[in-house]
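Based on the hints, put chain B in the right spot on chain A.
The lines below spell out each chain.
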Amino acid sequence: MIVELIVNLITIVIKLLATPFSILPDVPDGLVSAMDYFFNLLFSNLGFLNFFVNIGTLKAVALVAIAIWTLDNSYHFIMWIIRKLPISTD
Amino acid sequence: MFIIVFLLLFVILLILLLGYVLIPKSSLDGFVNEIKFNICSTRNLEYGDNKYSVLGYLDFGLGEKYFYNLKNSYKEGSQFYNFDWGNFGGVSNHWESFFFTGIYDTDKKTFTLPFMTDIPISITYTNAEGKHTIKPGYAVGPSVGDPSFSNKDEIASGKFTKVLVNSGKYNTSVSDPLYLLSFYYPSGSDDFADLLPRKEILLNGPSSEYYVGCDSNGYYLYEIPSAALGIDLVEGNQYELKLGVLGWIEEFNQNGYIKYPDSVKFAIGTVSAEEKEQEYRDKQLEIQKEQAETNKGIWDSLKEVLSYLNPFSENFFVYKLIELLIEGLKSLFVPSEDFFTNWFQDLNDYFSDVLGILYYPFDLLVKFFTRIGELEDTRSAVISWNNFDFMGATLIKAGSYDLYSLIDNNETFKNIHSIYLIFTDIILWLGVIFLGSNCLRTIFGGMIGEAVDVSTENERGYQNYSRQASYRKRYKEEHGKK
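Chains as they are written, first to last, in the working numbering: chain A, 1 to 90; chain B, 1 to 482.
Hints are supplied without guarantee of correctness; some may be wrong.
To be verified - The calculated BS3-like cross-link candidates involving lysine-lysine, where the alpha carbons are at most 30 Å apart (straight line), are: (1) Lys152(B) x Lys169(B); (2) Lys242(B) x Lys265(B); (3) Lys15(A) x Lys84(A); (4) Lys320(B) x Lys367(B); (5) Lys414(B) x Lys59(A); (6) Lys15(A) x Lys330(B); (7) Lys152(B) x Lys259(B); (8) Lys159(B) x Lys283(B); (9) Lys59(A) x Lys397(B); (10) Lys159(B) x Lys242(B); (11) Lys259(B) x Lys242(B); (12) Lys15(A) x Lys367(B); (13) Lys283(B) x Lys169(B); (14) Lys265(B) x Lys152(B); (15) Lys84(A) x Lys330(B).
As the list claims (entries may be wrong) - Heads up, incomplete: computed chain A residues facing chain B, CB under 10 Å, no partners named: (16) Ile2; (17) Val3; (18) Trp69.
Don't read these hints as lab results, they were simulated from the structure. In this text, a Cβ means the ideal position worked out from N, Cα and C, and glycines have one as well.
Only chain B is shown next, with the shape it has when bound in the complex:
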């Protein structure tokens, strides 16, 4: 009987232990709880005051990418774009600090917030690993500069995969829009048809699909793939890329390109015999590498298969089977990570809905224990209260009182209090020991001495019982006939 009980207890303990060990720990490491966005400036941030700016864009929203074009209240003649706080992710008051949840790369554990400001700001966010502060780019504002190609030499060589453009002051302080123009000269002449751009790509700041961020001056940076230029880059042909500023031409009384701040001509160069040979060698080398990889792959696969049959290998199939069994048992008996939390929350909500006031005491108990769990072991015992109003009159004014102020100024009281705390600790622990002792008595039937006492009592009781039984028997024999 006791063996069965012990076995059962052992199995239960094992399951509890397995549950503790095998239940996956919180996977929330690195999860961002909140981001606080602080404007660290003494500037006046009154709405409509054209003294501050945030350039670029912010990515935020958990798991999704939201694009915010901050160019929503551009003021002509200003060096800056105003930031309308009201349009910022549901934030209604521009003068208050506000919160939003940001995109967080859970693999890299990084934020990417490519935006510039004209005032120093900092963004703090907290996650499971603590509080972090990041400081985005800071610029006093864009200085004067013309748009230009950042990889002009590469473009001129004819071997490029993308075109990099720096907007300069355009699109940040000048209202005339900037375009990237692609020209193609099939005949190599100055034919009028060749003078028309084959494609015009509008580079209008963060709204542009080619916008990639700002440089340290606050100028916009664009990255346009060669495939998006609208021209087929064929070997031997002549091309030209221009940056054009569109504006009103009084002379023609219409819009036109008033300026070409930068341009670059290029031809897709012919490939020399040496380059072709090198290309062939590279290709052969690549094929050889691929073959080596394939052979290696086959050998590795064979080794892996054999390792399943080797009892000394970690991959031995029996171990794998045991692992599978453990996993199966785990999934069978151990509930999922959040199961009991969700279950408890679900029941709590259900009962508070259905039972109403009847559930209130239980709800209070839950709140009480939750609060106790949240308490920290600090040397602070402050009682605070709010205003207590009755019929418009304040009966009790809000205030607070620290119980430690009673003893802080008296060393004797402090010592007495410390000793008192030590005694409460001892009493609490003695209580637990007493509880544990009672539990052990219940399960194992008491201590050895007590067991002997009980056994002796039982023995005496049995002797008494036997004696009385023999008396009764004799009495019946003697007087039974009567």
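Bound-form chain A, shown alone:
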């Protein structure tokens, strides 16, 4: 409940910050469809990666890397909070 509340509050703030961007004009449909065509072609053929690397290894490595990255950043975030606390370390 607490996590949901915090996330919802952050969402509201993010949405408020993003509201001014809503006045941006729409991108021409032709451009969007052309880009979609290109990237869909690219994404649908991502299977070619199988030739260059083992997908299973790639997925496992990616998961571990994300976990390490999260741990590292979480540590820095926690330390940042702790440094803000008015507690003497002497």
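Frame of chain A, contents of chain B only:
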């Protein structure tokens, strides 16, 4: 300081672990994703061709029951009812395979599709447990047969709760409608008033509220409760049930019952003294059982209350309190199952609406990672492309190319490729190990040797600093006055 950090890390790890363990896993087990309905026949299924039929009804629609009367294009003289595919749950093309979502009993994990066909068909559906195939009843078509009571002996005994009727060929190949007629003979005479039915129940196939399905011949089956017969079944009275076929009577120039294919007379029999005694004994036995159950219930309740005070019992109230606390904490900190999925989807939709093209790169990233997640570790690397048209002319024709075709015919290349893949694996894992090592250095301050080096450097630095400070002090003392 480090203790606080370690404690915090420990708490975070604990919360993550609890979250992983306690978040309920997907409750979609058994949920039906789709049903594919295949007509497995070499017959010509052209629309209007009167060569196929589907009899009965289908239940489908998730959580709701839809009733489809398939008798929508009956052709006189035909043995079959045509199935108008266009009316089948929004399916527009009768010659195409089509999809619909079906009723699925999540408790029993079963489908009930009581319908008959004159061609073998199969229905496949997929759910979390995989793909399943069910085959509904198959009949070559109804053969000739008269309507009849299926539980005639039971009705004749006067002790029945329902009347079972088999339609025979009626309502499946004969256009004259079938009725169940209830007669009551209060005077026991052949009084004209007694010859009129007290109630007429139309048995018109799947449209009838008493229709329950088809038998192996494709005949319709009905189940009519005795309460629906329209007559009060009183002990000692004489009754009769008839199945009547309504048709045009030339003689009287009007509609009337042209045939009574089956009938059964019965009386609600008197209860003998023995039966009454047996009934009394049964009732007493039932009361005794109820009393025993009540006593047992009181004793069980008492045991349950005492178990809350017993520290060796699983129900000990402290354990319950801890359970409650854990549940409370869980509901407080662990978000609901789909919260983050929905949140991410919501933000994704919102930003793609608001930011438009500015959000496109992020959207692409999401699609890219989703696609990577969907990739399977198969020995296939096919690149395919569609036609590329420009001003009406096809510049590039659609095609595909498998990269493995480069090496498939050459054993040397195959071996080199295998070795190359092994090396890429090693490089990837080394990269991860290097990343992890860096992370550890950041958090714990490096390895022991490095720590010693740093400490030595610091010591030397301090000595240098002290030496320089003493020089400065002495210099100030000697030259300070100047």
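Results for each hint:
no., hint, in the structure
1, Lys152(B) x Lys169(B), "19 Å, holds"
2, Lys242(B) x Lys265(B), "9 Å, holds"
3, Lys15(A) x Lys84(A), "28 Å, holds"
4, Lys320(B) x Lys367(B), "46 Å, violated"
5, Lys414(B) x Lys59(A), "23 Å, holds"
6, Lys15(A) x Lys330(B), "28 Å, holds"
7, Lys152(B) x Lys259(B), "18 Å, holds"
8, Lys159(B) x Lys283(B), "19 Å, holds"
9, Lys59(A) x Lys397(B), "34 Å, violated"
10, Lys159(B) x Lys242(B), "17 Å, holds"
11, Lys259(B) x Lys242(B), "10 Å, holds"
12, Lys15(A) x Lys367(B), "22 Å, holds"
13, Lys283(B) x Lys169(B), "45 Å, violated"
14, Lys265(B) x Lys152(B), "9 Å, holds"
15, Lys84(A) x Lys330(B), "28 Å, holds"
16, Ile2, "6 Å, holds"
17, Val3, "5 Å, holds"
18, Trp69, "8 Å, holds"
Checked against the numbered hints listed earlier, the structure breaks hints 4, 9 and 13; every other hint is satisfied.
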